[in-house]
Amino acid sequence: MSSTEHTRRDFLYIATASMGAVGAAAALVPLVAQMNPDASTIAAGAPIEVDLSPIAEGQVIKVFWRGKPIFINHRTKKQIEEAQNVNVATLPDPQPDSARVKPKRDQWQVLIGICTHLGCIPIAHQGPFNGYFCPCHGSVYDTSGRIRSGPAPTNLLLPPYEFVSDTRIRIG
Amino acid sequence: MSGHPTYQPQNAFMKWMEARLPIAGLIYSSFVVYPTPRNLNYWWTFGGILTFMLAVQLVTGIVLAMHYTPHVDHAFNSVEHIMRDVNYGWLLRYVHANGASMFFLAAYIHMFRGMYYGSYKEPREVLWILGVILLLLMIMTGFMGYVLPWGQMSFWAATVITNLFSAIPIFGDPIVTWLWGGYSVGNPTLNRFYSLHYLLPFVIVGVVVLHVWALHVVGQNNPAGIEPRQESDTVAFTPYATIKDGFFLTVFLILFAWFVFYVPNYLGHPDNYIPANPAVTPTHIVPEWYYLPFYAILRAVPNKLGGVALLGASIVILAFLPWLDTSKVRSARYRPRYRFFFWLFFAACVGLGWLGSKPAEGVYVYAARVLTTYYFAHFLVVLPLLGRYERTLPLPNSITDDVLKRGSAAAVIAFAVALAGLVGLSSPAAAAEADTPPKLRWSFAGPFGKFDRAQLQRGFKVYREVCQTCHGLALLSFRNLAQPGGPGFTTAQAQAVAGEYDVPGEPDDQGEVKERKGRLADRFPPPFKNDNQARARYNGVPPDLSVIIKARGYERGFPWFILDLFTGYQEHGADYMAALLTGYADPPAGTNAPPGTFYNKYFPGHFLAMPAPLSDNRITYDDDTKPTADQLARDVTAFLAWAAEPHMEARKRIGLQVMIFLIVFAGLLYFTKKKVWKSVEAH
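Same order as they appear, the protein sequences are chains L and S.
Under this note's numbering, the residues of the first sequence are numbered 69 to 240, in order.
Under this note's numbering, the residues of the second sequence are numbered 6 to 688, in order.
With the rest of the complex left out, here is chain S (with noise of 0.2 Å):
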């Protein structure tokens, strides 16, 4: 490459500066004269999206970090105070939990990218290994930072993961007990994974610095694989490649704001909206789904050692992809059998990911361990042998050539939607064989869907008048009634609602605690003391409600789990508790119900404690709608619907206003983007 040139000051201060800390010039030289090859397709522009999704991770985690309390007894509360209280605190944790997944799916389509074009063979070996070390270093920041919101998926993941380093022999024991600072997953636990969580993503930044530095030196790889030759294979890197990025990551954060705003908990599972019970798993645990492939491997082995040690193997491997690939060759384009190989592999690592989402049984046994041995075949026998026997199609003279030549990319469709397959896969499998609930009509469900204010008061009604004998609401306070979005009650009314119960108060000059009538600002008193009492009194101990639709779903199966991502439908917790709340039945002919349990067709497992709590006339309603079971038990869904998302108006409607100005801001910067490029297309 020809010297480009260089930074020159123009006035005094820069002029003085220069001389001392160079840093406009090093700016300079790497991010605007830098010359980026000029045929570079869109499947570039993820390391500059990475990039900003690393900035984002960072600010919206900072910014959590203000907020949340990392303590076994505060965690999951503060997670959720995040949630209702504080400004925009819904809209932080949605933009990190769903920022995870945006940063692992741009991951590992740089990582594909970066194996379809051969962009790890020499000089590229050092740039390569930088890349497995953040994927190293994103995993398992990622798995600590799903750990802290102290849910029931949370406990057991970090249950499970630190339990993997037990299979180690001898030291496993004393490894485990070293990590956890305790005897089981408890409060140090906690405390170290959060320290870690923050620690971690400015490794990732002080790694990232290196891989871009090492990225400066040997220069960008190119779909033909060839390096530059000549002035006209390179353009500088601003404004070509800069507005280009520009342009795809704001693509890029379309999708990322549907998630944000439409479908937040698509990609998460109900069970962590339990806190973390150590003494119940969760009848099927699964990692989070960019995790799944690496899941299926572990389990694909029957054997402790062997499982962790072919997991840890089938990330290991890919640091030394520049050495088992023998081709000279970089590009897909120009190995035909290598094309057909690669999409063998993506398609085995989907298919890994599709089998790690479901139960470790039978056939899925299986079929992972076929596209394990798959998986490592790939790395140990195909790329081998295939750089020996295949025989190459004839390069380009140079990337002006290649350009001059061909068209711009077309396969980039293909591959979106397999990946869009993949991100569908995450939903976990049905739990034991309970019925289906049948998918209701919510007002609330949807891009634009709205509570219904007499609805969720009526609902109110129902909850006060039945459920909460034996349910608290722990995380609603009486002024939430009132506040913008929910049940419509004016602040008088909140008030009253909350004169009406008795909170315990500040302790007297005697030192005793009476108590008081309850104020706007308190929480929903709970109905028995403690987990014991409750026991006593219920024969179990009947969850909070607070966030219960968002704790409870089902399983809708292929293909409406992928369509309910387009559509925005997440009203599954509702529809199964509508469905719960009116489901009870005679047990079929043969089974018998255990003492002091019940008959329910939607229930998992179906013999639940609690009698049918609803029925016809249970109680009256103010307005004319009639009391029928069916509508008390809509009624008061929507209403704990309102509970567990309270922010959800607010979401939306913020939601359409991201949405129409990222769709004008891409739709500018695509014609800027031709203007910009227009002078260098032609020759």
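Extracted from the complex, chain L is given alone in its bound form (with noise of 0.2 Å):
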């Protein structure tokens, strides 16, 4: 057998093996995109607007956004400076609070409802800084949603929203 027949045997066979896998890979893809949230599910997704003025000062209500938990605290003046008066150096997760609230809007506080541990939802109005306390393994938030005690790693996360207007916020 001579060289180049050899060589054109041995591009054939890598030729067709190639092409084989990339058949094969390219069939995976339907298989993991399928496991992607689907259109409805991404639709669903979509902003949603909630109305401030029947919330009471001292309230703090729950509402859903892409399945997730968001409280809204219409806090009052006393957590407002309880929050404000705190030396952020001295926190886990630095943070002031004028970075989690929108400017001029200090009394709502809006955040992901979900623990920074392992994703409980922790109760407000609970633990030693009358913020949030969460049940599963005993982290401890403040009023401006701040870890200060218990193994969660970061403050709560704050979604994307904005002001509508002085009473309606877009959550998304």
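Hints in this document: simulated from the structure, not taken from any laboratory.
Hints may contain errors.
No more than 16 Å apart at the CA atoms, straight line, and that leaves these computed lysine to aspartate or glutamate pairs for EDC-like [unchecked claim]: (1) S:K679 <-> L:D78; (2) S:K680 <-> L:E149; (3) S:K522 <-> S:D507.
Got two chains here, separate frames each, mind docking them using the hints?
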């Protein structure tokens, strides 16, 4: 067998094998893609609007956006002060209260109500700081939703939202 | 057979492993050095094809189960959810649905091959019986899978097939109630069918392992029907059989892909796109094509128990084939008389399949009786006697002799054509005596067809201004109007459309549900609250139009239904709809329309509750198109065709890529196979 024939045969084998590999890989695409959120789930994850006017001072309400509970806390003066008068440098995840609310909207605290430890839902108005307390593994958050003690690594996350009027927000 | 090399582990880990679990050695001896007769023709590749199809059905089935809801209220819509919303859901479902047909096609070819070459004879009886068990399991699995979409055919198949058991004396009725888990086919039935449909494929996998095990004990039969005697009679499984199997599997996949991408509903029935309705049986119910011969046998007997018993016997008798065939010679090549009767039997099976698709009346029933008689006579009379009286031809001395004397198979093509015909027989007979709708030219017909955006937009206008008063579009969301491959609205336009509809909102603080403006994610709200309201208002329940184009059709008749398979013409539902919308006329003299109904040339039964909905200039178009009644009908039909199959354009586009890939890959595999086999072909 001459060497050119050798090369030609090898080329054929390699071409066939690689084409088979490409085909197998392409067949995986739909199998993997089908696990991602489908079109109806994505569409249902569109922004929602929430009317703030019925929420009394000191009240926390839960709304759902993309299946996540969003806490809307209408904070009292005392809660706002407590949140602001903290030495930020001493916090596990240092962040001033002003970075966690919209400017001039101190009274409205909007949080994703999911503990940053392992995803349980913290209870409002509980724990040493009268903020949030996660019953699963004992993480304690203050009235700004910042982690103060316990296993959670970071502050409660903030959803994307904006004020469309003084009493309406759009989440998402 | 002389001993072939055993697996020698090369590295330390494999040596360690081999001493504890010799799985590499098992694979090596079973699928690498395993000797296979060198004269196997392409009919022997169907074992591998079946294994592949089983894997395809398992993988797509497991994936579909992630999105399907086994509940009578949600099953139909969850299947449509898969078709519309799940990423590549339409592909996965069409692969699974057509995969079942391809699986049966391959299984039948595999069985006929076994019959032709006498593969069931000593020492392969157990191998054959395991195959019959596999067929039975496939039949059960396929049937239960067909029930899951919960369309009209699903529901009535479940009803009819479970009622087969009611033929059993004394215990029949309690058994049927037990199967249903209720007093009729209902939610418990659907749930258990789902559970069993998920279970049985794994049972099939188990029996396949036994089947392959038995095969590897007795070795493969071959076209000469004689055992290998010398080294040169066999070749190693890898690479010789593997590459040959791989090549023909790819050829088979081309056929499979044609069905999936271009005629995905060809083998199904339009009625199964109508949600299950326990109050109405479809006028002509037939099973899927692969059950038709058995169905014909069932109906050939004018006695309930007799029909069911014969149906069961027609499958069970296969298990006795190794003893009913008394000839010592295996292959039909050396049995000229048997060869004749084999093809007669094959023709009887195809004939029974055809009769199974026809209404059970008149001459069809008599023909079915004749063929049923032959079906059983073949096993009970012909085969036992042939073995005794047939003069067989001399067998070759060895497989090597056989190979060197003859070229490769040629009868192959006739067989393939016959099988293609069998596949083509699946279409049901015409329902009632309605006129045949004219075949129209649709921009979206054929392998390269696309929707005409402007036409879809006009059609949507017709729907909103005319049809919507009575007909819902429940499976469609406003966002669909802006998705690729659709009417081409912008997201803003779709949002504006949504805003013109009122949909029920969330309960407010007082618990009151108020209507709110529609959003992109919302579905089109229904025009009536429930069926009773619709009956009170419209003297009937106007059907939802979401999948109406796929839920309607008409009999194209021979030879068109076969040609449609090759041209990819699937627009029967569209033809029917356009014809129906403009098919109103005065009833023929002597017939009177029942009160509240109108005469239509194309409606099965002719009298329908919907008055002629369209007329010239009924609405005005925004573009220059003249709004004649014909034009309105075509436009709204095109819109509804898109609504029924919103991913059609993606399907055909991906189909083209897959086809090109498969054809090139098959070519490469062919030449690779030639290269690999070159060394053995000479001696």
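We went through each hint and held it up to the structure:
1. S:K679 <-> L:D78: Holds, at roughly 14 Å.
2. S:K680 <-> L:E149: violated, 83 Å
3. S:K522 <-> S:D507: Holds, at about 5 Å.
The structure fails to meet hint 2 from the earlier list, while all remaining hints are met.
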